[in-house]
Amino acid sequence: MIPRRLTFTRVRLAASLLLLGALSACVGAAREPVDSLSGLNDDETLVVGRIEIVPPLRKDEQKLKGLGTGNFENKVFLLTDDHYRVLTEEPVMADYAGRIEAILGKNFFVRSNSKPYFILGGMMYLDLGGREMNRAYFPGGLKASLKPGDKAVYVGAVQYHRNEFFEITKATIVDDYDRTNAEFKKKFGTKIPLRKALLTPVK
Amino acid sequence: MKHRIWLVLGLITLGLLAGCASSGPERDINDPTNSLVFGYVDMDDAPTGVASAWITQVAPPSDTPYWGLGVSKGLFYNSYLPPGSYQLSKLGGSGFFAGQHEYAFPKQGNKTSLRITKPGIYFLGSYKYKKVKSGMFSQAKFAIEKINKPTEAELLKRILDESDNIKDSAWGNKIRARLAQLKS
Chain Z
188 MIPRRLTFTR VRLAASLLLL GALSACVGAA REPVDSLSGL NDDETLVVGR
238 IEIVPPLRKD EQKLKGLGTG NFENKVFLLT DDHYRVLTEE PVMADYAGRI
288 EAILGKNFFV RSNSKPYFIL GGMMYLDLGG REMNRAYFPG GLKASLKPGD
338 KAVYVGAVQY HRNEFFEITK ATIVDDYDRT NAEFKKKFGT KIPLRKALLT
388 PVK
Chain E
32 MKHRIWLVLG LITLGLLAGC ASSGPERDIN DPTNSLVFGY VDMDDAPTGV
82 ASAWITQVAP PSDTPYWGLG VSKGLFYNSY LPPGSYQLSK LGGSGFFAGQ
132 HEYAFPKQGN KTSLRITKPG IYFLGSYKYK KVKSGMFSQA KFAIEKINKP
182 TEAELLKRIL DESDNIKDSA WGNKIRARLA QLKS
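Here the protein sequences come in this chain order: Z and E.
Position 181 of the first sequence, counting from 1, maps to 368 under this note's numbering, and the rest follow consecutively.
Position 19 of the second sequence, counting from 1, maps to 50 under this note's numbering, and the rest follow consecutively.
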């Protein structure tokens, strides 16, 4: 879990807008969603997975107000890096480069280089807009074991269990390969298989 | 001109009342399912003092989750919270030079999270405001640090002394019983 040293914030509209703008534009690019396997280069892999929150978000539990904030609805920013490291502070903008933008409960299909990488943690906005900015963080410490030559890899569904205070009480990797593979085949055809390589905790 | 002075005085009085009494959803103060929730924050190092405070009901889900707290010199309290899960969510204050300030607590990692399963007296703790360095273009950040003083007993005595409404309600005896328990 990312430590929350700062528990008391004075919200500034300008600061919220800066961060919002930054995540929308200035921060390093997210891993790009893929619609067709033909768009992948030889050294690239399609990574497929899903993020879930248990219990799921209730209606109106995420409060997004104002221009552009709709992009963040049900979205978790998964922070990744080729090198394993532990986030000891709240993530800075540089940590968001190469992120996976996952919609809760839906499979993501993103472009990646064909090297292993690590999920350092995650973040989602609970309140954003007006004078509000409230974020929830998710623990990382997971490894995606990609290999050179992989064209499409399923990494599993990460289930974050939480209590009413949004504290993450448990994180599990769920194997939902059959359902995901069916969606994969429908989307990309049957020519290239989806290899299963579930995320593993970093030891 | 005279009207304007009254208007200003009226607004000041309204502000003071808002600072002293709880607001938001209300219940009968003698409802047996009520809980008294209270705490303290020392804002000496903050840009402003505290004039308003809110606690949010995070469970069970509610259309009116924000409960106002009575505020008096750092002490904050509500004497009619039903069972549920709560977190201190916001403090507000203003100063002549500092202007209007709002101090928002995060939902996740909130040190004041509280689960009320049975009616009673719940002390959220005493805290001190602490400024945390942040970049010029980043959010102003603060922390609250737990402190030992004022104690639960000192704050309960203040509630009895400062609120006739509470002293004369069913809470009067309950608070005195709690004070006796804390003494022993």
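Worth flagging that the hints you see were computed from the coordinates, not collected in a lab.
Hints may be right or wrong, so weigh each one.
[Said to hold, decoys possible] Label-pair ranges, simulated between beta-carbon atoms:
#1 THR356(Z) / GLY151(E): 58 to 66 Å
#2 SER332(Z) / THR64(E): 47 to 55 Å
#3 LYS104(E) / VAL241(Z): 25 to 33 Å
#4 GLU276(Z) / ALA208(E): 39 to 47 Å
#5 VAL241(Z) / ASN204(E): 22 to 30 Å
#6 VAL279(Z) / LYS180(E): 46 to 54 Å
#7 PRO242(Z) / ILE60(E): 47 to 55 Å
#8 GLY317(Z) / ASP94(E): 16 to 24 Å
We put the beta carbon where it would ideally sit given N, CA and C, even for glycine.
Of the numbered hints stated previously, which ones are contradicted by the structure, given in increasing order? Violated: hints 1, 3, 5, 6, 7.
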